[in-house]
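Protein chains in written order, with this note's numbering: chain A, 1 to 140; chain B, 1 to 140; chain C, 1 to 140; chain D, 1 to 140.
Here are the simulated lysine-lysine pairs, DSS-like style, with alpha carbons at most 27 Å apart:
(1) D:Lys120 - D:Lys35
(2) B:Lys132 - A:Lys41
(3) C:Lys35 - C:Lys133
(4) C:Lys99 - C:Lys35
(5) D:Lys132 - D:Lys31
(6) A:Lys4 - A:Lys35
(7) D:Lys120 - A:Lys31
(8) B:Lys99 - C:Lys99
(9) D:Lys133 - C:Lys120
(10) C:Lys12 - C:Lys99
(11) D:Lys132 - B:Lys133
(12) C:Lys35 - B:Lys99
(13) B:Lys120 - C:Lys99
(14) A:Lys41 - B:Lys41
(15) D:Lys133 - B:Lys133
(16) D:Lys31 - D:Lys99
Honestly, the hints are just simulated from the structure, not real lab data. Since the model is a prediction, treat every value here as computed from it, not as a measurement.
4 protein chains.
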Amino acid sequence: MDRKTLEVLSGKIQNDPYARFLGIELIEINKGYSKLRMPLKGCMQNFVGIAHGGAIFSLADHAFAAASNSHGTLAVALNMSITYISAPSEGSVLVAEAKEISLTPRTALYRIDVSTEDNKLIASCQGIVYRKKNSIPGID
Amino acid sequence: MDRKTLEVLSGKIQNDPYARFLGIELIEINKGYSKLRMPLKGCMQNFVGIAHGGAIFSLADHAFAAASNSHGTLAVALNMSITYISAPSEGSVLVAEAKEISLTPRTALYRIDVSTEDNKLIASCQGIVYRKKNSIPGID
Amino acid sequence: MDRKTLEVLSGKIQNDPYARFLGIELIEINKGYSKLRMPLKGCMQNFVGIAHGGAIFSLADHAFAAASNSHGTLAVALNMSITYISAPSEGSVLVAEAKEISLTPRTALYRIDVSTEDNKLIASCQGIVYRKKNSIPGID
Amino acid sequence: MDRKTLEVLSGKIQNDPYARFLGIELIEINKGYSKLRMPLKGCMQNFVGIAHGGAIFSLADHAFAAASNSHGTLAVALNMSITYISAPSEGSVLVAEAKEISLTPRTALYRIDVSTEDNKLIASCQGIVYRKKNSIPGID
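Make the full structure from the sequences, and use the hints.
Structure (structure tokens):
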């Protein structure tokens, strides 16, 4: 995947409707790698007053999508496992970093860590994708 | 947990800020059980045009929270694993059903299935909580 | 997959070297389903004196292999998640039952429960396979 | 946990009946860390002729037990997730390395990688324990 198609994918990741809805921003994307951030807002709290697990997961999942699609072929999530380590304090900015652990023609594995900007580990994830033969719509 | 406290918890689950942000509605809650729904909206799509994994997970996670807190003591999510089965079609209403598989004084396991209203299985989850000694804030 | 090939697969599952090493016996195999048993022995204990998690998993994993290969095409395990519910008492006979939750041409999901013969739930698992195009060696 | 009790635990990990049954050897144990090895034998093959997933998991699980009990208090496995990356070739020696990702008074998370001795990644795991208040039998 050349630089131009990586730019096209960056645009897609950034303009993803759900990511915009949550205020997720792309920091970096590369082959098998991505880094994204999301400032926590009041609407992301749960009924106990801390960040909802679904909000934390959503950021991790979008980093997973960015990294797993970075090779230019369509990657479909099969499974994602999230372990919650600690609760971020109110008003934190969360950062998710996705790294490729393995890549085969049909499947790939990613590790995604979610931390606060001051490096407190919030959640640790592993995600598996099935890699389709199609390229990503709009990239060829 | 008597009927009155189950009503208090229902209110908390329904007024959860993140659940309201996503438009999640509580259908039923009982000891070790919950059923919730969420109509898919345009803002929940990903860059490929289907429901974002993070949105699907968020519904499942809220059903998990409802069921695991239904005994009146505070349950904290340790791990959640989601397997994606099929993509819901546009405009679907998703339904998540959480069932308790095991309950010990300190930990508990739940199975959460997400389907469309016409019973197409979308995702299958398993979640584990650590059960604190505290009761849920506002319930005693 | 006709009855004859199901018989061939039964033989393979039963004569699997690792399954024989552990004393695992096949009770039933059908399309997308399997049931196996394993009497716990002294050599399966861990250093605390209860059944080792690896032994419990091994039984579940073999049930997973039996069910996922039951369609006659080679199924390769991608991921397996096990949650331990309770410890079996000494001398128990464990029974693993694998059920197919979803099946697509390239992937499939299974739920595998491990119980004692008197129906105490010991562990609950979910496993995902990648389905190859090849048929199982010796079956065509 | 002082050096003497770490020595007692080493002995327990090494003399664990199931670990001996499989031929697992302890290479190193430290607070929150362990490294173990297991030569693959013919009895660990599955019916397709490669290492059985249950054998690979068993090694990872024992490394998980060693690392999670290394603080001297009894750690009970709640959940373990294994992703299979590649199949080891016949006669390989597998090495499992467990690292602590997080530690709280009641729960802890470990990442366990299984590789061949020439550093080919075979499987990647994450395991969660519940930490009891009791110390390990024989250690105080």
